[in-house]
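> Position 302 (the sequence shown) corresponds to 978 in the numbering used here; numbering is contiguous.
In case anyone wonders, no lab produced these hints; they're calculated from the structure.
Worth double-checking, as some hints may not be accurate.
Said to hold, decoys possible - Derived CB-CB ranges, DEER-like:
(1) Glu735 / Thr814: 25 to 31 Å
(2) Asp907 / Asn959: 45 to 51 Å
(3) Glu913 / Glu811: 19 to 25 Å
(4) Asp938 / Asp903: 17 to 23 Å
(5) Gly915 / Ser979: 21 to 27 Å
(6) Asp737 / Thr814: 51 to 57 Å
(7) Ile986 / Asn761: 31 to 37 Å
(8) Asp737 / Thr830: 23 to 29 Å
Computed from a predicted model, the values in this text were never measured in an experiment.
Backbone N, C-alpha and C fix where the C-beta goes; we use that ideal spot for every residue, glycine too.
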Amino acid sequence: MQNKPAIVLTTALALTLGAAFGAQAQDYPSRNIQIIVPYSAGGGGDTVARIVADVLSDELDRQVNVVNREGAGGEIGIAEIARANPDGYTLGVFGYPDNFVLEQTRETSFSFDDLEYLAGFDDMPMGIFASPNSEHTTLDDVRAYGQVNSGSLTVGESGALGLLHILAFADHLDIEVTDIKYSGGGELMNALLGNHVDMASTSSMSHDPIVDAGGTPIGFAAAERMDMFPDVPTFREQGVDLVMGVSRVLVAPAGIPDDVRDALTSALDAISTNETMIRNFENAAIPYNYLDHEAVNQVLEDSNATLTPIIQDNLDQFTDN
């Protein structure tokens with residue numbers, strides 16, 4: 677008889693807590709959300725985050741704010757996302773495979789599995805661009821010169837993916853080049869357009885400013901020609917089987933409640949066909965390619981398996997990146 681009140685009280689408490697938790701999940705989001713971008717303002721990742729945040733704010737009826745946490749090639753901001761409270765109010769947008777390359781080449785405080793990958797928004801191939809005064813403006817030019825002038829060609833980059841692309845590019849052409857690291861995309865562009873390097877490894881988003889200033893796209897590491905830039909050949913078309921690019925992903929810290937994750941992924945699916953958002957991607961020269969929760973996780977897992985041996989075979993090249 678003495679135990680009955682305790683059982684009743686315990687049951688009542690459990691019901692109360694369960695109802696409170698259910699109400700909390702149903703109320704999400706009850707306050708503003710922030711998206712951390714681990715780069716400076718104005719770059720591709722920042723642009724994607726702001727385009728998505730504008731439309732997601734309307735869909736969730738809460739303000740979604742973008743906060744820049746640049747530094748250490750993205751490591752500072754990605755670490756902040758990974759250690760944030762997994763309550764759905766701190767999200768992140770960055771360019772994969774930045775997080776994976778960082779994890780593989782540094783002693784980071786985060787791993788790939790410390791994040792929940794909610795969606796992907798673009799598929800932007802990497803490219804090799806020649807400087808305005810370069811004598812090497814075709815892939816055949818680069819190969820021929822590089823094979824008799826080992827290490828003479830200088831190629832600028834501004835991050836781990838840029839370096840990874842240079843390594844793969846040189847390996848496929850069977851040449852050696854000299855990598856020149858820059859702290860950001862703006863500095864890299866200035867170096868290329870100022871003819872301080874022969875070539876640059878950067879994404880297709882850089883096409884227009886480079887071409888407008890007299891530079892030449894040598895090729896894109898894309899599976900097929902881009903509708904946006906139909907005159908630029910892929911490396912595959914030129915006999916080099918190299919496909920590599922950056923995909924901006926929206927993530928949350930691992931451990932986010934299922935109900936909150938589902939609310940976010942449902943909202944992202946809902947805005948994925950938003951005409952204004954898609955047009956804003958096009959206006960920013962970012963090729964829109966939406967991947968839902970299931971698809972983005974499969975694509976990233978497959979990509980990890982492809983990138984791992986390339987990174988491991990060139991670990992010494994990432995020391996200063």
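> State the violated hints by number, sorted upward, taking the hints as numbered earlier in the document.
1, 2, 4 and 8
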